[in-house]
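S.K.: Sequence:
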Amino acid sequence: MCGRYYLDFDILESENFDLKNSIIYETNFNITPQTKVPIFIENELTMATWGFFPDWIKNQKNSKPLFNTRWETVQEKRTFKAAFKKHRCLVPISGWYEWKNVNDEKQPYFFYKQNELLKAAGLYWLRSSGDIEFSIITKEAEDNLLTIHNRTPLILNNDSQKLWTSHIDLNNLYSDISKQKNPSINFHRVSKSVNNPKNTNSSLINEYTEVPF
1 MCGRYYLDFD ILESENFDLK NSIIYETNFN ITPQTKVPIF IENELTMATW
51 GFFPDWIKNQ KNSKPLFNTR WETVQEKRTF KAAFKKHRCL VPISGWYEWK
101 NVNDEKQPYF FYKQNELLKA AGLYWLRSSG DIEFSIITKE AEDNLLTIHN
151 RTPLILNNDS QKLWTSHIDL NNLYSDISKQ KNPSINFHRV SKSVNNPKNT
201 NSSLINEYTE VPF
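For the sequence shown, the residue numbers in my numbering are 1 to 213.
By construction, these hints were calculated from the structure, which means they are not laboratory data.
Any given hint could turn out to be false.
[Stated by the list, open to error] For lysine-lysine, the following DSS-like pairs were computed, each having C-alpha atoms within a straight-line distance of at most 25 Å:
| id | residue 1 | residue 2 |
| --- | --- | --- |
| 1 | K106 | K192 |
| 2 | K192 | K81 |
| 3 | K85 | K139 |
| 4 | K81 | K36 |
| 5 | K139 | K100 |
| 6 | K192 | K36 |
| 7 | K64 | K100 |
| 8 | K181 | K139 |
| 9 | K162 | K181 |
| 10 | K139 | K77 |
| 11 | K100 | K192 |
| 12 | K85 | K36 |
| 13 | K139 | K179 |
| 14 | K179 | K86 |
| 15 | K36 | K64 |
Here the structure is a predicted model, which means the values were calculated and not measured.
Please put together the full structure from these sequences, using the hints given.
M.R.: Here it is as structure tokens:
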């Protein structure tokens, strides 16, 4: 799953200088579920809360939001079918974190593409209050990513981004996206400081090397 990520808003703005609507957002190196962040809906940048509470969850205070959606079942599960049909979004990501079990401890790693903003496939829900909630779609990890974790965000290339926000037939959409070539992703070990959601500074993405005794 993808439960933490980082977004460099300066890079996002520089790559999308022609955006119609302006958004004030501070770069966050440790974005957690239930945080408000920018996403793209129909090529417009808007603020949304990461994590979706389905209608059947009556007591949100004692529940956790659904912040990931599995690609393998997105067309089948009732919770996500309607959003997959009509409410697809793009989630800008500069990198994300995953944890690997090492000797009964969880070691965090940072995943990224050098000097490039990534866009993950997402689904969104519009509440009667006007608030927007979203989830990030994940898929099975492959190749070297699988050595750290078995899931990864569904990162879309430029062609897939256009398909994702188009009105293409859903079966063709699912088939075409599933066939896209996986992007080349770098990763390295980072400090366990990222475990604390209160830590949001840039040092979190620095490669961590243990100092020998």
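S.K.: Determine for every hint whether it applies to the structure shown.
M.R.: Checked hints:
1. Simply put, K106 and K192 have alpha-carbon atoms about 9 Å apart, close enough for the 25 Å limit, and the pair holds.
2. A C-alpha spacing of about 37 Å is found between K192 and K81, which places the hinted pair above 25 Å, so the restraint is violated.
3. For the suggested pair K85 and K139, the alpha carbons sit about 18 Å apart, so the restraint of at most 25 Å is met.
4. For the suggested pair K81 and K36, the alpha carbons sit about 24 Å apart, so the restraint of at most 25 Å is met.
5. This hinted pair checks out: K139 and K100 have alpha carbons roughly 17 Å apart, not beyond 25 Å.
6. Restraint check for K192 and K36: satisfied, since their Cα atoms lie roughly 24 Å apart, inside the 25 Å limit.
7. Restraint check: the Cα-Cα separation between K64 and K100 comes to about 22 Å, which is no more than 25 Å; the hinted pair holds.
8. For a cut-off of 25 Å, the pair hint linking K181 to K139 stands: about 13 Å separates their Cα positions.
9. At roughly 15 Å between alpha-carbon atoms, K162 and K181 fall within 25 Å of each other, so this suggested pair holds.
10. Annotation: proposed proximity of K139 to K77 holds, straight-line Cα distance about 15 Å (limit 25 Å).
11. At most 25 Å may separate the alpha-carbon atoms for a hinted pair to count; K100 and K192 meet this at roughly 12 Å.
12. The straight-line distance between the Cα atoms of K85 and K36 is roughly 24 Å, inside the 25 Å bound, and the hint therefore holds.
13. A C-alpha spacing of about 12 Å is found between K139 and K179, which places the hinted pair at or below 25 Å, so the restraint holds.
14. With a C-alpha separation of about 21 Å, the suggested pair K179 and K86 falls inside the 25 Å cut-off, and the hint holds.
15. The hinted pair formed by K36 and K64 meets the criterion: a straight-line CA distance of about 16 Å does not exceed 25 Å.
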